[in-house]
Amino acid sequence: MDMEKVVSLCRRRGFLFQSSEIYGGLNGFWDYGPLGVELKRNVKEAWWRDMVATHDDLGTLPGAPSPYDMVGIDCTIIMHPQVWKVSGHYDLFIDEMVDCRTEGCKGRFRVDHLAGSECPLKPSKPAGGSDKCSLTEPREFNLMFKTTLGALGGEEDTAYLRPETAQGIFVNFKNVVDSSRVRVPFGVAQQGKSFRNEITPRNFTFRSREFEQMEIEFFCHPDTSRQWYEFWRDRRMQWYKDLGLAGDRLRLRDHDPDELSHYSTGTADIEYAFPFLSEGEYGELEGIAHRGDFDLRSHMEGKLDPKTCPLTVEQGDDGKPRHRGSGRDLTYRDDLTNERFTPHVIEPSAGADRATLAFLCEAYTEDEAPDEKGKMQTRTLMRFHPRIAPIKAAVFPLVKKDGMPEVAQDLYKALKKKFPAVYDAGGAVGRRYRRQDEIGTPYCITIDGQTLQDQTVTIRDRDSLEQVRVKLDDTVAEVERRITAL
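According to full-length UniProt numbering, the residues represented by the sequence shown are 1 to 486, in order.
None of these hints come from the bench; they were simulated from the model. Here the structure is a predicted model, which is why all the values come from computation and not from measurement. Hints should not be assumed to be uniformly reliable.
[To be verified] Dumping the calculated BS3-like pairs for lysine-lysine here, alpha-carbon to alpha-carbon at most 30 Å:
| hint | residue 1 | residue 2 |
| --- | --- | --- |
| 1 | K416 | K401 |
| 2 | K174 | K193 |
| 3 | K44 | K146 |
| 4 | K146 | K85 |
| 5 | K417 | K44 |
| 6 | K471 | K417 |
| 7 | K132 | K146 |
| 8 | K401 | K418 |
| 9 | K132 | K44 |
| 10 | K416 | K471 |
| 11 | K418 | K44 |
[Claimed, not checked] Just the calculated beta-carbon pair ranges, DEER-fashion:
| hint | residue 1 | residue 2 | range |
| --- | --- | --- | --- |
| 12 | T147 | S261 | 23 to 31 Å |
| 13 | T378 | S66 | 47 to 55 Å |
| 14 | R333 | D57 | 16 to 24 Å |
| 15 | D57 | G427 | 48 to 56 Å |
The beta carbon of each residue, even a glycine, is placed where N, CA and C say it ideally should be.
Kindly generate the complete structure, drawing on both the sequences and the hints.
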């Protein structure tokens, strides 16, 4: 797979554009075009439907230790600054960066992206200079975007754009429990924008400064938390497979003990071999972490000490606590057993943009197919799963006469009420097929002379190229059946 071809198609067909392109672009920011916004929205809706909306808390999903509840929430992008101090982001959400001082380079890099002490751009030897690059000493760089609340703009008015959506769920834990009828175990899901001031955004939309997350914080009893961790790890992996990432480019990797956060007893990454990576390398799509009770305790009791890492309450010169947690009781009481405990948390955290990018890369295909004269030609197609395909069906009148356009337009309007569809009457029908193949439309429907005689139409499958005739009145139901059956 050639990543340059994927990027070219994304721009040509309206999946993705560089942000502020007419002004030279803005590094680390991307705009979704007409097809891209539909694709990403479908990915997010598939996640929400599968994880939240269709969840049945009366039964038990395969592998689940017990029945459980699922609810949603939508938190603000800007939160109280103390949230980020208590969570550890204020002190610990940093990368180390270096600058290259060599003339002709002047690049800035993350230390963990460097191979040893060598500049990755390897600038040519400057006139009269050394043949080795010159890097500065590493220095810390906080990734959070600062902003200012109110009109005065003083230091006390500093706030931050959230670098993750998870903290909004944790600080609302008690609100959800008190306002809903949920009982542990239960999950709270959220989708939304996050912002990280990446030193070196790169690889198309894989590492951006503005991105969207799809996160679940699942609260459970400490005694069953390991079982729930394994359940969510396996369930989230299966979700990607079900939507088309079923090949050997997808893998589930458990973290080694030295990779784990100090509070985590288990973390696994769902990874995909993106074509911009070297052979054998994988990029993270989603992390599933067993976070213990660290987050709720942090917001109850104190903050993370960046030097010693235990949960502490710092003391000021006056002996009073500072930078401490909310002081609110975020424990949970089981109303059946009267047991009180701090729930453990399992966190499946996915990137909506990375998932969309993986589906784009996996879908890109080149094969041989006959044109309208039967001659084999190379075609480019996007093999999206029908659930996430931006356009579900395209309607073609074979010719622009004999009443065919009118029948085709009526069918198009009926399809459009159910799902995204297009009407295309321009050019030879073979070219119209090619256009739809390239944007990933799974089904093309042609109105021809036979339609006017027996009220049947041709449905053509994007992947198999199979063409079948169905009754005109049954077409909408047939396309809907095909989409939902997969």
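Exercise for review: Kindly indicate which numbered hints from before are broken by the structure, ordering the numbers from low to high.
Suggested key: Failing hints, ascending: 7, 9.
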